[in-house]
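Peer 1: Start from the sequences, fold in the hints, and give me the full structure.
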Amino acid sequence: MATKSSGNDETLPERSAPSSRAEPMELVLRVSGARATPPSLPLERICRIGSGPDCDLVVEHPMVSRAHVEVELAPRGAQVRDLGSRNGTSYLGQRIERAVLAPGACFQIGPVTVTLSVDTEPAPSDGAYEGEAYRAVVGRSPAMKRLFRVLSRLEKWLVPVLLEGESGVGKEMVARAIHEGSSVARGPFVCINCGALPREIVASELFGHRRGAFTGATETRRGAFESAHGGTLFLDEIGELPLEQQPVLLRSLETGEIQRVGEDAPHKVEVRIVAATNRDLDADTREGRFREDLLFRLAVVRLAIPPLRQRPEDIELLAELLSREIGIGALPAPVREELKTRRWPGNVRELKNALQSYAVLGALPKAARVRPEALDVVLRDLVNPLSAYATQKEAFVDRFTSAYLVRLLEVARGNRSVAARIANLDRGYLRRLLAKHGLGKAGRDDD
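When the letters of the sequence shown are read in order and numbered with this note's numbering, they come out as residues 1 to 447.
Everything labelled a hint here was simulated from the structure, so no lab data went into it. Treat the numbers as computed from the prediction; the structure is a model and nothing was measured. A portion of the hints provided could be inaccurate.
Derived Cβ-Cβ restraints for the label pairs, each shown as a range [claimed, not checked]:
#1 GLU270 <-> ARG86: 31 to 39 angstroms
#2 THR113 <-> ARG279: 21 to 29 angstroms
#3 GLU270 <-> GLY414: 51 to 59 angstroms
#4 ASP264 <-> GLU316: 54 to 62 angstroms
The calculated SDA-like cross-link candidates involving lysine to any residue, where the alpha carbons are at most 20 angstroms apart (straight line), are [unchecked claim]:
#5 LYS340 <-> ALA390
#6 LYS436 <-> ASN384
#7 LYS340 <-> LEU379
C-beta: ideal position from N, C-alpha, C; glycine also.
Peer 2: Here it is in structure tokens:
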């Protein structure tokens, strides 16, 4: 299967990472379901867990043996070894004697849960991040330098990462940087946009299908997991994944096995997962739209990417790099100053689109006059909670597309070729969109 691109996050010219590196993250043992002393413990050597006072992590519970389990660092996480305990050690409901578990995994000693957490907080001795880039992600603001420090410390671990941030902030770019800084950098980077998948083919796109599994399945096909084997799978817009498909994804993440649609035998895959969302998944879990156990599995490390309006120090740096990429050279001082005064609700993507418009027309497009807070009020008034989500979403997207096309042609002064370049759309596809929205006779095709 060909690598899928979400098209949601803009890319910047590649920059090498500074040679200095922060200290790697620590694996920390955390106990829930019983009192423990200490409450958490960094896993720096072999750690013995039990109710006996001579254990490194003492758990006060009658069903925990005096010397219950031993945990030791391993190349891909931690090796867990039961010490002949009375009530056993289990993982995913199965009793284990010895197993290597990935960071983020939870195992049970009797009824008590032990989590292999990753500590993202930098050590006191870890200095400030030097330079203005991590891989191809750039920024000189304090917020981005904090992010770069965490990314640097993350390099040792192949843990699942959840990237959170508004649309257009560069989540896919950060995901690629995580991949390139990891031990699976030589493997594939496969991106799949969960929000763009029709509900009926989600399982096929993720896990593949056997020939004849359903109408239209004319050949056996690999899914995104198999395509990403030995590398990184980027699940963009993970919050849009249908609820009925979430248990299947969770099982695959926990077992490392996937099953093609129409096949009985599972396949082992080794894939590093990075997911991204612009939704509030905590709120979605509370309201039953997203599984809490899946969120825990995806968010072993949780990174927030700040919006552009919260890091104005980065605007000029980004504009300089994007202008070079577009091929328009140095920007005049008045243009640079104008860029720094805008709020950029569309973040880096909007900045790039503005520069593309400047390259074609010699002027920046007018800034949006509607404040984001005002837009939120308008949307709340338009939403009908008694109507089906899919129906309302389709109507909103339809109205947005029509309004966007009208404004796009205005900015491009009626030139459809220019409009296609500004919108980053194939010209034929733009013509079809215009026809669909009753604008087929609008504009011209001058090059």
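Peer 1: Against this structure, judge whether each hint is valid.
Peer 2: Hint by hint, here is what the structure shows:
1. Taking the beta carbon of each, GLU270 and ARG86 are about 35 angstroms apart, inside 31 to 39 angstroms as hinted.
2. Separation of THR113 from ARG279 is about 27 angstroms and conforms to the stated range, judged on CB atoms against 21 to 29 angstroms.
3. At about 53 angstroms, the beta-carbon gap between GLU270 and GLY414 stays in the expected band of 51 to 59 angstroms.
4. At about 58 angstroms, the beta-carbon gap between ASP264 and GLU316 stays in the expected band of 54 to 62 angstroms.
5. Of the supplied pair hints, the one linking LYS340 and ALA390 is violated, its CA atoms being roughly 38 angstroms apart against a limit of 20 angstroms.
6. Between LYS436 and ASN384 the alpha-carbon distance is near 26 angstroms, which puts this suggested pair outside the 20 angstroms criterion.
7. Restraint check: the Cα-Cα separation between LYS340 and LEU379 comes to about 28 angstroms, which exceeds 20 angstroms; the hinted pair is violated.
Checked against the numbered hints above, the structure violates hints 5, 6 and 7; every other hint is satisfied.
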